[in-house]
Amino acid sequence: MIDFLTVLYYSVLGTIVGVALSWLPGFHIYNVIAVLFIVMGFESFIPAEFIPFFMLSAIIAFSFVNLLPAIFLSVADDTLIFLLFPSQRALLLGKGYRAMLLSLLGALGGAILLFALSPVLAIILPIVYNLTSNYIHVFIAALILFMFMSEWHRYGEKVGSPLSRLLDAWKQSFAGLFVFFASGILGFIAMRRPIVPPDRAYLNLMPLFIGAFGMAWVVFNLISNVQIPKQEIMDKVEISLPNYLRGLISGVFGGIIAALYPLITGGMGALVAGHLVNPTSEDEFLISQGANRVVYYVGAYFLLFMPTFRIIRGTGAWITAGIYIPKLYEEYVLALGILLFVSGISFLATLLIGRVYVSLVTRISYKKLSLITMAMLVIITYVGTGLMGIFYMTIATFLGLVAGLYNTRRSYPLGLLLFPVLLSMTGTADILCEILGI
Amino acid sequence: MRGFTHFLSGLSIATFFKSLLKDALNGGLWMLVPAAFAYLPDFLDFKIYKHFEKWDYIIKPKYDDMNPQEIAETIAKAIDEAYETGKDVRLKCFTARAPGDVYRKYSVRFRSDKNEIEVVVGPLVTPSGTEVEGTEPPPDKRVGIAKTKHPFSKKYPRPFEVKGFHGPSYQFIREGDVVEVNFLPWHREWAHSFITGIIFGAVLYLITAFVIRLDFALDLTIASILGFWAHIIEDHMGMMGGNLFWPITRKRTPGFALSESGSMFMNMGTAWFFITLMLYNFNQAATIKYIPLDPMRYYVIVTILPTAILYAIGVIYHREVVLKKWAEAEQREEIEEVSEFREG
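Those protein sequences? They're chains B and Y, same order as listed. Just so you know, we're using the working numbering here: the first sequence kicks off at 739 and counts up by one. Just so you know, we're using the working numbering here: the second sequence kicks off at 23 and counts up by one.
Quick caveat, the hints were computed from the structure, so don't treat them as lab data. Possibly wrong hints are sitting among the right ones.
To be verified - Lysine-lysine pairs mimicking DSBU-like chemistry, simulated, CA-CA at most 30 Å apart: (1) 896/B to 109/Y; (2) 347/Y to 1065/B; (3) 109/Y to 909/B; (4) 909/B to 84/Y; (5) 177/Y to 896/B; (6) 99/Y to 896/B; (7) 974/B to 347/Y; (8) 968/B to 1065/B; (9) 114/Y to 896/B; (10) 114/Y to 909/B.
Can you make the complete structure from the sequences, with help from the hints?
Dropping the structure here:
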């Protein structure tokens, strides 16, 4: 029988680690977990059967607290060059704290719904997954195709000849295609020519992800002339119940899709859910964003605890599965309790840190903060993957920057993982190997 | 319907063809073609055709210096020109983007009862329309009213507001003694015709049967045409409808007006319908049967019943909430700003 107090102890420990690291910009809990467990051998400090609870708690804390850098420290300037996300726009209007509250409410609602739906999902998901598992490559390819076909052209709204308008609109799609396939080839090379020994295989793609997403974000902050206005702090936020529910349903639905299927990220799930549920206001979008993050990250890891079927999703789950896989109903029930407990703590912790964040965000130098983050990302990459990793990270950063500069989908650099895996699934990887001579 | 709902319909239709399912089980991706076909009508319209529209009048206001009177007069002039010349007159309203990715909102009311065009300039708004406090224009820059010499009619019930992303365009065309106002004239025309679906299907068949020499080219073509048609039928649930048999028909046939295209209930209902069909087809193709129901029970209980419930909610919500809200916005005798403007 598993000791409840010890579970609680390691859950609190995981929460502390998650909260302590997730407020930092550019950090991803999976990268931290990979460095802690694979490079530093952290598993020798925690008994194997408690590692899932430690990880679950760290991931829950991350999915809440990491909303802070996403909202407060990912800002393009207010020129007409960049199209902004709702949270970025809110920050520039002095409403960043309100955006944080809405996202947090979405995150908490997402955690509660995940808890409530868990028994139903335990019955339905195995059926759906078993029926669709032979067609996963079709779903992934379908989502990629839909991403390209449905790209909303921001340009082309100008007076000019039809051809000039067409080309102006399509430069965004062409940039997206370039980013996706260039990232894909980079990911393919990294997978075929690993830069780390097999025992550190999880770290192989880490520099690419850090470059395309974390580092590109930091560089944008450095090149943007960001002036954050004073932020309005409030104790409550008003939104009608139907609007809240629409945002919540959209986020949870997108999160479940992303959690269940490999390679489909929260953003891709949100794209699908957004089309079906159709959240219409920024407030609904912010709520769905918060819910989506929790259900995607936590839901994916939680599949490891499902008593009715066990699939492994996400780096955190893969690392855990290499050490210990939960097998008992008792562990599942405990995990459900931990889900609510840690979500509550993380919600309060985010509120608390958010107050500090919002007061600092107008005072600190964005450039200095970005430089510090950049240095930390370089150190993590170097420690995990060496000089070759830094090289890969630099190329991936460039691709992430192209996506941002052309206002195309920021998720296209995911091609670094999607493209090579899709080639393998469809049995066409050898063709590219021949072309590239590897 | 929204894009992914269409796309999903095509993917689901593909699962009715054993050859396509078999190909997918062998790692093939041909099932994506019917899905792409199901999204194709909107792709053609929004990604290509809209850029070829020629405008006779262009309204391109600045966010910090908008002249509502000039906008109203331009629209009135375009309507009169359509009446007097009998030509198809097109007018484009650009958005007015401001720094911080916000937009100056302006709304156009076609008051056919008074032969008037009312333009009301609003505050800065986010792309979804949330107003930014303290950004209202000065009182003398808020309203513009212009009279047309000739009558006009606007059938599309939704109020016209120019906000974020892309601005709308209008077609003014004389029908008898009235100028008809058509919203987004480039949309749901030739690309939303059953015949266009057959033409694209024929091209697909020629390529896959004779160039690629695909064994199941005919199945793929039929599935793709059905996907294309599904899009047209789904869109017809809404108000705008489509030019169903272009090039035989020349005008859009109004839709069934069950709901608006972005309705959550209608989109989820349609998606549910096609997802459950797809799952059952996967079940039929699997060696282990995970769904223990016979087809009849499954279709009634799992597919049709929830879809019907979602559709019913969607229709009721549309009639009782959305349409009333639009009608209120359109039929209000005077909105506050306009009253103040008239009073001088």
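Each hint tested on the structure:
| no. | hint | verdict |
| --- | --- | --- |
| 1 | 896/B to 109/Y | holds, 24 Å |
| 2 | 347/Y to 1065/B | violated, 54 Å |
| 3 | 109/Y to 909/B | violated, 34 Å |
| 4 | 909/B to 84/Y | holds, 25 Å |
| 5 | 177/Y to 896/B | holds, 28 Å |
| 6 | 99/Y to 896/B | holds, 22 Å |
| 7 | 974/B to 347/Y | holds, 28 Å |
| 8 | 968/B to 1065/B | violated, 51 Å |
| 9 | 114/Y to 896/B | holds, 10 Å |
| 10 | 114/Y to 909/B | holds, 22 Å |
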